[in-house]
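**Q** Starting from the known structure of chain A, fit chain B onto it as the hints suggest.
Keeping their order, the protein sequence lines are chains A and B. When we follow numbering that gives the first Met the number 0, the leftmost residue of the first sequence carries the number 0, and every step to the right adds one. When we follow numbering that gives the first Met the number 0, the leftmost residue of the second sequence carries the number 0, and every step to the right adds one.
Note that these hints are calculated values from the structure, not bench results. Note that CB positions come from ideal geometry on N, CA and C, so glycine has one too. Treat the hints with care, as some may be off.
[Unchecked claim] Chain B side only, calculated, beta carbon under 10 Å to chain A, not exhaustive: (1) Tyr-268; (2) Ser-307; (3) Cys-311; (4) Gly-314; (5) Asp-316; (6) Leu-323.
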Amino acid sequence: MNIIVCIKQVPETTEVKINPETNTLIREGVPAIVNPFDENAVETALKLREKHGGKVTVITMGPPQAAEALKTTIAMGVDDVILVSDRAFAGSDTWATSYTLAQTIKKIGAFNLILCGKQAIDGDTAQVGPGIAEWLKIPQVTFAVKIEVEGNKAKVERMLEEVNEVVETPLPAVITVVKQINEPRMPSLRGMMKAKKAQIKTMKAEDIDADPKNLGLDGSPTQVVKIFTPPPKGGGEILAGEPAEIIDKLIAKIKERKII
Amino acid sequence: MLLKTDPDIIKGYLEDSSNLGGGHADGVYIPQNEKEIIEALNECNSKKIPLTVSAGETGTTGGCIPFGGWALTTQKLNKIITLDTERKFAVVEPGVTLEEIEAAVKKENLLYPPDPTEKTATIGGTVSTNASGGRGYRFGSTRDWVRRIKVALPSGEILDLKRGEKKAPLSTISTYTMPRVKNAAGYFAKPGMDLIDLFIGQEGTLGIISEIEISLSPALAETFDIVAFFPSEKIAVDFVLSAKAKKDPSINFFEFFDENTLQMLKKTYPHIPEGVKAAVYIEQEITAQNENTYLEDWAQLLEKYKASIDSCWLGMDSAKKEELKNFRHAIPEHINELFKTHKLVKLATDIAVPTDKFKEMYDFYTSSLNPPGSSLFNIKFGHIGENHLHVNLLPKSSEEKIAAKGLILKFVKKAISLGGTISAEHGVGKIKHQYLKEMYGQAGIDDMIRIKKTFDPNLILGRNNMFDVDRKS
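Here chain B stands alone, though its shape is the one from the complex:
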């Protein structure tokens, strides 16, 4: 197996999008097949060496960053093994990227619906974190599209887990109740659950995923995309809630841009109209028969909520739709730039709450973020269709940093009180331990550590992802 101990090479495995510093490792395993994954596991397990799995390094919570021991990268496990166009599924190795899957299935007129924004993310990484993206509104999270996985355990054993074929033993199900929203925080736990679900969203703490079978859907029919601009954030929120109430299954997503997001983007996108305070981006699936009806319906609803249909953007051909996609993708790119410039660890929420509580949560954000005299720069954007906004804070001084951390904890507590989650799609990683504990309590954390020990008794895998295994409770 390929092993690297050159510090310059190791350096390439110590970062992700979290800006979490201080990572270090003694070396990197680069397995090219399952056998080599087992070799690495056997070696680390017998010597009790920590082992951290690294994939696309696009995560935002430091999950792939090792703090000691060795890293194992899935980058050479990058083959699409099977693409069955008849029965609409694919078997892939964990290091295949989402863009590679997209390119392969698109040719066959198929779609792998989960769409995390970063297309260089790997399928293994997205299964490990149960990632999702904008279209989660219609298609759900990664979990909903994974039908079988193979997992290599620290013992060297391989689990072949097919959905519907192996129930999770009672001892591996946490006793807490998960929030009824899109969720990527903590081990999956539901009475009667499949064992496969424990390993989806485990953040590399229980085993190393060596093969994945994903379901595919027929490619979407035509779509059109609208970006509509509103005179206030409140009206934009009301618009989304009203549009969602129609429960139209052909809407793929609703994305939200608050006033500060639009201000930030204005330099790159000068056509953002003057004086607007919020925007909503919608993708609507259409057919030749209903296209005009949908255009009329959206126009009517938008006008009711004071969004000018003269200034809202409409993408109908692929080039224009791509431009709108880039407009949405520009948000995290701009923010990451800002965080990098100010050398800040990302201070961002990943909170989702139930639909009937979203307005309360939104009002709470607004009143907490903008008290008189506060200059803390903040922006809110994201998957409003799933009641899931990312609030990003950019403190410019140590006082502001303390205030920002306090605010995020306040949001976390509020979301939990409303039945929401502290992480809907990014996972917990190394930076949200405290929030996970707020959500499931120390008992919940202890439960997870107990489950981890049944698969990883020497606590070598993904150390300090989700919870601190060294800390005595």
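Chain A extracted, bound-state conformation:
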């Protein structure tokens, strides 16, 4: 069974700082990691390979440094990785990104299953996985918490807000996974040694037969007008002192805010 996993390199959110003047993310000096949900997708692929055999290929669209994210997946044990990187892709929205990845997947060919994380932790759109399915005209199942493959079909349990739903889909299909599906394995020492030596295969716009009008900023129907940080929610206030004092302070606050 041949599985393609799409991943994204994202800044480690615990370390993210916002530039107060431009209100954009400061990416310099922030460590980059594999989007955590995508690690779950890689783990899902490796588990399916253990059971059904076949090959796991990981692809990512991004700048040259995104190769590091691919190396992490080599260290986890995937068979092959491809970096899809070209200046023409810069500024892609989810429409252009899913087009670019779908073209790459077509080029790779011979796949039974495409796996993605449910969303990236930086953009949080959750649109790229479904977008790929549309471009490839194959079924999509989102928010998978359990996947069982049997022949040309997959039984997928979806984790929704209130209930879980089990659906069956023919393959090939795109399935996006939630973090509850598994615990991603740690990279191994042998894997990391392999990753350090690996030459990362790169594909450019011309290698994936892409229509230039669908690529990058110009190919993106979504235009970002403004990025800003919403005002932080006011934190709670703790009143200190002796119980009698606290009660007085509390009553004063309630009056001040005209709550009663």
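**A** Frame of chain A, contents of chain B only:
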């Protein structure tokens, strides 16, 4: 000064991680400056009221638990007074926690190297017990990083002790010889020692530390962390001894997980490989130039000792390293849960022995813990780089409890015979008196009581930490 006598508030000062019950106090002092510490001391000393210092309450030996009298908490003495990034030192109040220090110095690209596992421990508590953690293998104990302290004595006097400036008077040096291993048991004693060293590791029995000056080191360069799994505990021990023999100063620690530890963790960490019997966790400092060489070297050594490099875990980015750190921290968390569930006082060793005796000690553990027919649950884990494993016993019946206590005493005696210590990092507190006596003899205990009386003639401070002051010898 803030005083609390509300029983519900006092209750918050009667526990630590030892599960030692029965603590009680009449009230709690909450000083906010040195003057208020002296006030509390004067009052207690003049009325001969016992006074027990409480800090982060993360200790494992009941040192902060009062049995009568008053408690004094350092929680409001929590300011970082100076952080000198040029000369790499900080002056802090005793109630500052290790995580607060870590956060403050990290921003300046500095490191306070002692790393006891509990980050909510306070600097005052860790100085009082000479605590240490995994990186002690490379960086030593708290003692090695403390350059000056101020101590308030029961007399109300303040001692300002700077390393290298005040020798300990002969009358304050115990006559016993300390083991030549990482040690946190009993008063520090060495001919010609500094007075500051007597107050590091005194467990709140001589004075109350009111200010601490710590040395800082430049932040570590990059590191990678390996958790390797072995087919037997014996092979894992041999691997560590062989890796240590290289004496590479850029290895920060070796941590050990025995078979039962891995079994216990398996529920939370399903990726622990099947069939493995032990694991070793290593932190290696690296540079861009030597990173690949180190990866190759470790791979070679691990394979020689039958640890599969396909299944061993490697953390290179900060997120993965954090996961491995949590994996190690999960051990005491799981154990504390088990002790709590079974309502047991912690039965655990804190023994370290010299490197050339470690194998003998390890074999002794293995043969004593697993005699045929024994079902006493035990796990061994910890700082194997310093020949320092924590053996934890979980007896489920009163027979097993007696057996467990007997076993620990047996280990203590063996360690002493090998030139080791009964407590390498936790201290003695209220639960290891007997072991301290095994180590230094009644004469050693009498020596310590005599020294205590020179600073605390009314025996008010930290009563029954280390030794029983009421017992006539």
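**Q** For every hint, state whether the structure bears it out.
**A** Hints and how they fare:
1. Tyr-268: At 8 Å from the nearest chain A Cβ, Tyr-268/B passes the 10 Å test, so the hint holds.
2. Ser-307: holds, 8 Å
3. Cys-311: The hint holds - Cys-311/B has a Cβ within 10 Å of chain A, the shortest such distance being about 5 Å.
4. Gly-314: Result: holds, 7 Å to nearest chain A Cβ.
5. Asp-316: holds, 6 Å
6. Leu-323: Holds, because the Cβ-Cβ distance from Leu-323/B to chain A comes to roughly 7 Å (cut-off 10 Å).
Going down the numbered hints, you'll see the structure goes against none, and every one checks out.
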